[in-house]
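Novice: With chain A held as given, fit chains B and C onto it using these hints.
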Amino acid sequence: MAVNPDEPYRKQSGLLEVEDLTAGYGAAPVLHDVRFTVRPGQIVAVLGANGAGKTTLLRALSGLVEADHGRIVFDGEDLRDVKVEQMVRRGIAHVPEGRGVVTELTVDENLRLGGLWRRDRADAARALDEVYDLFPALAQRRASAGHQLSGGERQMLALGRALIGRPRLLLLDEPSLGLAPRITAQILALLRELRDRTGLAVLLVEQNVRSALSVADEGIVLSLGRVVTRNSAADLRDDADLRHAYLGF
Amino acid sequence: MDRFFYLTFDGLSRGAVYAAFALALVLIWRAARIVNFAQGAMAVAAVYVAYSVTGATGSYWLGFAAALVFGLLLGIAVEKAVMRFVDHSSPLNGVVVALGLVLITQGVLGMVYGNEYRPVTTPFRRDAFDVGGIALLSRYDVFVFAAVGAVVVALTLLFTRTAAGLRMRAAAFAPDVSRLLGVPVGGMLTLGWALAAAVGSLAGMLVVPTELGLHPTAMDVVFVSAFTAAVVGGLDSPIGAVTGGLIVGLLLSYVSGYLGATVAPMAVLLLLVVVLLGRPGGLFSSSKARLA
Amino acid sequence: MTDVREKRATEAVQSKAFKRKKTPHPIWYAVAGAVLVAALTHYLPPFRNYQLATVGAYFTVTAGLTVLTGLNGQLSLGHGALMATGAYTFALAQNRWLALPLSFAAALLVTTLAGVVIGLAAARLRGPYLAGLTLAVAVVVPSVTSTFDDTFNSDMGLSIALDPPPGAVAMEQWQAWLCWTGALITALLLAVLVRGRFGRDLRAVRDDETAARLAGVHVARTQVLAFVVSAACAGLSGALFAVLAQSVSPGAFPLTLSLFLVMAIVIGGLGRLAGALCGAVLLVALPALAQTAGERSGSQRLEGNLALVIFGVVLVVVMLAAPGGLASLRLSTIFRRKR
Chain A
1 MAVNPDEPYR KQSGLLEVED LTAGYGAAPV LHDVRFTVRP GQIVAVLGAN GAGKTTLLRA
61 LSGLVEADHG RIVFDGEDLR DVKVEQMVRR GIAHVPEGRG VVTELTVDEN LRLGGLWRRD
121 RADAARALDE VYDLFPALAQ RRASAGHQLS GGERQMLALG RALIGRPRLL LLDEPSLGLA
181 PRITAQILAL LRELRDRTGL AVLLVEQNVR SALSVADEGI VLSLGRVVTR NSAADLRDDA
241 DLRHAYLGF
Chain B
1 MDRFFYLTFD GLSRGAVYAA FALALVLIWR AARIVNFAQG AMAVAAVYVA YSVTGATGSY
61 WLGFAAALVF GLLLGIAVEK AVMRFVDHSS PLNGVVVALG LVLITQGVLG MVYGNEYRPV
121 TTPFRRDAFD VGGIALLSRY DVFVFAAVGA VVVALTLLFT RTAAGLRMRA AAFAPDVSRL
181 LGVPVGGMLT LGWALAAAVG SLAGMLVVPT ELGLHPTAMD VVFVSAFTAA VVGGLDSPIG
241 AVTGGLIVGL LLSYVSGYLG ATVAPMAVLL LLVVVLLGRP GGLFSSSKAR LA
Chain C
1 MTDVREKRAT EAVQSKAFKR KKTPHPIWYA VAGAVLVAAL THYLPPFRNY QLATVGAYFT
61 VTAGLTVLTG LNGQLSLGHG ALMATGAYTF ALAQNRWLAL PLSFAAALLV TTLAGVVIGL
121 AAARLRGPYL AGLTLAVAVV VPSVTSTFDD TFNSDMGLSI ALDPPPGAVA MEQWQAWLCW
181 TGALITALLL AVLVRGRFGR DLRAVRDDET AARLAGVHVA RTQVLAFVVS AACAGLSGAL
241 FAVLAQSVSP GAFPLTLSLF LVMAIVIGGL GRLAGALCGA VLLVALPALA QTAGERSGSQ
301 RLEGNLALVI FGVVLVVVML AAPGGLASLR LSTIFRRKR
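Chains as they are written, first to last, in the UniProt record's numbering: chain A, 1 to 249; chain B, 1 to 292; chain C, 1 to 339.
Some hints here could point you the wrong way.
Claimed, not checked - In silico SDA-like cross-links for lysine to any residue, where the CA-CA straight-line distance does not exceed 20 Å:
no. : chain 1 : residue 1 : chain 2 : residue 2
1   : A       : Lys83     : B       : Pro184
2   : B       : Lys80     : C       : Ala322
3   : B       : Lys80     : C       : Val317
4   : B       : Lys80     : B       : Met188
5   : A       : Lys83     : B       : Arg84
What the hints contain is simulated information worked out from the structure, not anything from laboratory work.
Only chain A is shown next, with the shape it has when bound in the complex (with noise of 0.2 Å):
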């Protein structure tokens, strides 16, 4: 899986590519001309500051932000035609910012959500059962409403709630805020983990650098809203440079 540097990126055929998108809120971007591609079953880390957009990119991905310009590819469609609600009938799951629990809904109420547009009832039932598998947490507390939730309850609830769309792409915002190391470790292995096992390709917006570049296979950074560096997860690791001057650790 990992990134081979000469190789120049635009090439390798992609699940999603993104090209010279430009995008944010009214008459000011926030994005600038910004281009990468994930593949299939890639963990890709979105790096940088505060302010740098990341959190802008996913919205703009999933449409929430409205793209001034630039093509958002997925799957050989261009996405920007598609609807917010039709995203997830691609194949693209958004867990957005604060993680999204509908804390008005129980436990399983949020989960059935998640599946309530799949045409295979059977399916998406067997999905439930797994993601209960998956977080036996998540179980026991099936009739709970979303606001007696821990942070970490909340977080798998989300991931969960994702993953019952049987997703192809998962756009992760900030899976560790919020939440103790040991349980931001535990989830980024699960990504690993469902990576391996279903070809799921990643988009994960971390401001826990270290713990991002241990999951992903190759990461982007962004400042300003433009990317100033795209490179495998280990030589960002390596790259002492560019930690001090955008990553800072």
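Specialist: Just chains B and C now, kept in the frame of chain A:
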């Protein structure tokens, strides 16, 4: 004591109607954070449709069905054509637009039907029958209880047991997350308006025969009572709306029975003021400020 | 305070109306208005004078309401009821003492007190809750006349004993003078009031209560004061309407009246006295036009109801197209674009 029993049942019957109407307000409030001040006018329009259909066919029930269907369609039309485009940066905008709809509806009804009170028919007799020597409630009251009860049960089942209900709740609580999960949030909003308008039409059908008759402004006072009921229950809570409706109905009945009918509106106003200032989140909630 | 005021772009537009340097002092507008009205009443036929007087009476209440809703962000649907309060107080006082100034004073006093009561409640409520409460006031207050029918004579209302106008002045002319004296004094006082610190406080509270509080504005007091001021205007307006009709009855103050008032200030452009004047003119002109159209078509049903529909449609269209009201589409900006 007989009188007390009679007033109690009368109050519960009125309260059931206010409960249904308050439910309609709560449905829209939960879905769109708008208090639909046009609910009363929309319900009156539906009752006029029933009046015409019943007049043409001679069947109360055809008119009844027509009112519900018309209410449903009117709700869809109002949401899709008007409310969807309201700028929600200030909560006043939705209110003002709804008031504009009130003026339009009342004006159009006045043009088509004229501004005189029209008598409306009831499917059942309104004189109370005796239970153990006490005149308690009429067949019409029983009909009211059954209709409102059916609505409450149907809405409960819809929201707790069906996929559409789950989608509607999720769309109301967390629109962006719901869209990411494939829920057509705009469609859920339209559905909410449609349901609310149909429930409001039902309430109109039930209440108009018990008041002065059919008139473009027939629901103004009812709206105030139902708004009070919704506020008493906390605008967010369907159970609260039903309870609030019954409380308002009983209050109105006792006050008109013991103090005189003209005092009743003031009693409602007083209740509204007391609840708004004393228990801002409604009697059943813990929230502190009435900030919309 | 400046931070709060700079918070919104619309603020810049709206504060222009009350800027100190560019515009002449409001007193000159009042003087010009008085001269204009005096001249008009001299030439206009009685019916037009009566309409002119009605515009003045409406302007008195819309001016106060535009300060409350436009500048302070409180939406009241109860000002029709406050007008009724003023009108009935005026009628009772006038029939007892037959002293016009005293009756006006009584009307002002009583509605101001009513304004304090409602305003105290209103300051704790926001958005739809305030609208709902004031709507309830508008619907319920007319029923008071039936509860205490010894005093208010139920639906029949009261007729008012007015002294004949002084000298050779015609009744309609006299009414127009009275109404416009009230309207211009009201507008002048309001204009002076909102140019100063009070105006800044009003807008600061409307835009961001927390920020206003941090900037040292007493939020609740400002809101109550705004309500009281606008209630007093409504009371005076009600008294003027009583003078116009020489009678009062609950039917003259239906819920529709309160809705019309909201419509007038929204269409005129929230927060401008000039908009309130436009709204007042519309309130008189539109029903008159609708009535003419109704008479031409020979349909009685059309007469009253056409105005309702037009008002409603205009209200909805304006809210969807330009929530700032027609005045937010200022002529000057249109001209500037053309240049």
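Novice: Holds or violated: lysine 83 of chain A and proline 184 of chain B, Cα atoms, limit 20 Å.
Specialist: holds (10 Å)
Novice: Is it true that the CA of lysine 80 of chain B sits at most 20 Å from the CA of valine 317 of chain C?
Specialist: holds (15 Å)
Novice: Under the criterion that the straight-line Cα-Cα distance not exceed 20 Å, is the pair lysine 80 of chain B, methionine 188 of chain B satisfied?
Specialist: Holds: lysine 80 of chain B and methionine 188 of chain B sit about 12 Å apart, inside 20 Å.
Novice: With a cut-off of 20 Å on the C-alpha distance, tell me whether lysine 80 of chain B and alanine 322 of chain C pass.
Specialist: This hinted pair holds, its Cα atoms lying about 19 Å apart.
Novice: Between the alpha carbons of lysine 83 of chain A and arginine 84 of chain B, is the straight-line distance 20 Å or under?
Specialist: holds (18 Å)
Hint check: no violations occur; every hint is consistent with the structure.
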